[in-house]
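Undergrad: If you read the protein sequences in the order shown, they are chains W and D. Under full-length UniProt numbering, the first sequence has 74 at position 74, and the numbering climbs by one with no breaks. Under full-length UniProt numbering, the second sequence has 154 at position 154, and the numbering climbs by one with no breaks.
Take every hint as true, because none was put in to throw you off.
Note that identical chains are pooled: a pair holds if it fits in a single copy or bridges any two copies.
Mimicking EDC-like on lysine to aspartate or glutamate, the simulated pairs with C-alpha atoms at most 16 Å apart in a straight line are:
id	residue 1	residue 2
1	Lys157	Glu22
2	Lys167	Asp126
3	Lys111	Asp126
4	Lys111	Glu79
5	Lys87	Glu19
6	Lys167	Asp153
7	Lys90	Glu105
8	Lys111	Asp82
9	Lys167	Asp21
10	Lys167	Glu19
11	Lys167	Glu22
12	Lys90	Glu19
13	Lys157	Asp126
No wet-lab data here; the hints were simulated from the structure. All figures in this text were calculated on a predicted structure; none of them were measured in a lab.
There are 2 protein chains.
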Amino acid sequence: MGGEAAAEQGRRILVAVDEGDESVQALRWCLGTFAAAARGDTVILLYVRPAPPTYSFLDASGYLFSEEVTAAIDRYSREVADAVVEKAQKLCTLYGKEEGEGDHEMNVEVKVAVGDARTVICHMADKLGADLLVMGSHGYGFFKRALLGSVSDYCLKNASCPVLIVKS
Amino acid sequence: MGGEAAAEQGRRILVAVDEGDESVQALRWCLGTFAAAARGDTVILLYVRPAPPTYSFLDASGYLFSEEVTAAIDRYSREVADAVVEKAQKLCTLYGKEEGEGDHEMNVEVKVAVGDARTVICHMADKLGADLLVMGSHGYGFFKRALLGSVSDYCLKNASCPVLIVKS
Numbered sequence: 001m002g003g004e005a006a007a008e009q010g011r012r013i014l015v016a017v018d019e020g021d022e023s024v025q026a027l028r029w030c031l032g033t034f035a036a037a038a039r040g041d042t043v044i045l046l047y048v049r050p051a052p053p054t055y056s057f058l059d060a061s062g063y064l065f066s067e068e069v070t071a072a073i074d075r076y077s078r079e080v081a082d083a084v085v086e087k088a089q090k091l092c093t094l095y096g097k098e099e100g101e102g103d104h105e106m107n108v109e110v111k112v113a114v115g116d117a118r119t120v121i122c123h124m125a126d127k128l129g130a131d132l133l134v135m136g137s138h139g140y141g142f143f144k145r146a147l148l149g150s151v152s153d154y155c156l157k158n159a160s161c162p163v164l165i166v167k168s
Numbered sequence: 001m002g003g004e005a006a007a008e009q010g011r012r013i014l015v016a017v018d019e020g021d022e023s024v025q026a027l028r029w030c031l032g033t034f035a036a037a038a039r040g041d042t043v044i045l046l047y048v049r050p051a052p053p054t055y056s057f058l059d060a061s062g063y064l065f066s067e068e069v070t071a072a073i074d075r076y077s078r079e080v081a082d083a084v085v086e087k088a089q090k091l092c093t094l095y096g097k098e099e100g101e102g103d104h105e106m107n108v109e110v111k112v113a114v115g116d117a118r119t120v121i122c123h124m125a126d127k128l129g130a131d132l133l134v135m136g137s138h139g140y141g142f143f144k145r146a147l148l149g150s151v152s153d154y155c156l157k158n159a160s161c162p163v164l165i166v167k168s
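Generate coordinates for the entire structure from the input sequences, incorporating the hints supplied.
TA: See below:
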C-alpha cells in the first residue's frame, strides 16, 4: 500500500478530469479535503481525449472521414482538452490561495493522453505511481457510457491504487 | 461538498470494517495516507452485523430456527463484531503511535449496527455526517455478494458522500 512512505514524501494524487461537472466536484473535493500543499502532495491532472477517428469497418471505402474532417475533429478535441485542463489548473491555484498554505504551493502536474479513457486512466495511475485515483462517478457522456460501461466502474475494478469516487 | 468547512474542523471519516482482509487494508490506507490526528480528524469504525434469523417463508411452520439456535447465532455474531472492532481499534492505536502525531491522538468512534450492510452503511454515512466513506471492494463473503451484489457497488451508487474503495 505504501501508506506510510507516501505520508512522508507527500502523496501523488491522480485526478481524472473531463468536461463534466462531476469531475470538477471531484477535483474540488480533492483540493478542499484531501490534498495538502504543506505535506508535499502532488496533484496530477489527467485528461484523456479520444483517439482521432480514421477508419471505419462499416465503410466500404475504408475511410469514414476525409483528412480535413479528421483534422478538424482532432483540433476541436485538443481545444476541449486545453479548456478542461486550464479550468482545472485555475481551480488548483484558487484553492492554494483559499487554504492559506503560506509559503507552500501545491505541486500540480498536467498530463493529456489520447485513447480509451478507461484503460488510459488505469495505465497512468500505475505509470505515474499514484497513491490515489480521484474521479467523478459519471463523465464521458451518456451514450458512450451506455456503450462502453462506466469509466469509474472500470477503474474501480482495474486500477492498481485505491479509487475515490465523488458524485455531484 | 463541505470541503472547506471539513478541512477546518477535522474530517469525519467513516470506515466500514468487516471480517475480510480488504477492510483491514482499507483501514490501514485510511490511517496511513488520509486521516491526520493533528488535523482533528475523526475515524468512525462501523461494523454491520446481520439481523438474527427468525422466520423463513420457505418453512411451513413459520419458524426456521428454534429460539436456542437463533440465540446462539446471535451470540456468535456479537462475538465476531467484538473481535472485528477490537482489531480495528488496535490498528488505530498502533498507527497513532507510528505516525508520531505527538500530543494529538486520533479521535476514534465505534458503531455497531444490525441489518443489511449495504443500506445500513449508506444510512450511517448520512446520519453521522461523514465527509468520506472508506471501504474494501469486496467483503461480506462470496455467496452473499453473488446473491445481493457487491456492498461497495451499492454504496458507490447510494451513499451521499464521496466513497473511497481500497483493494488488497
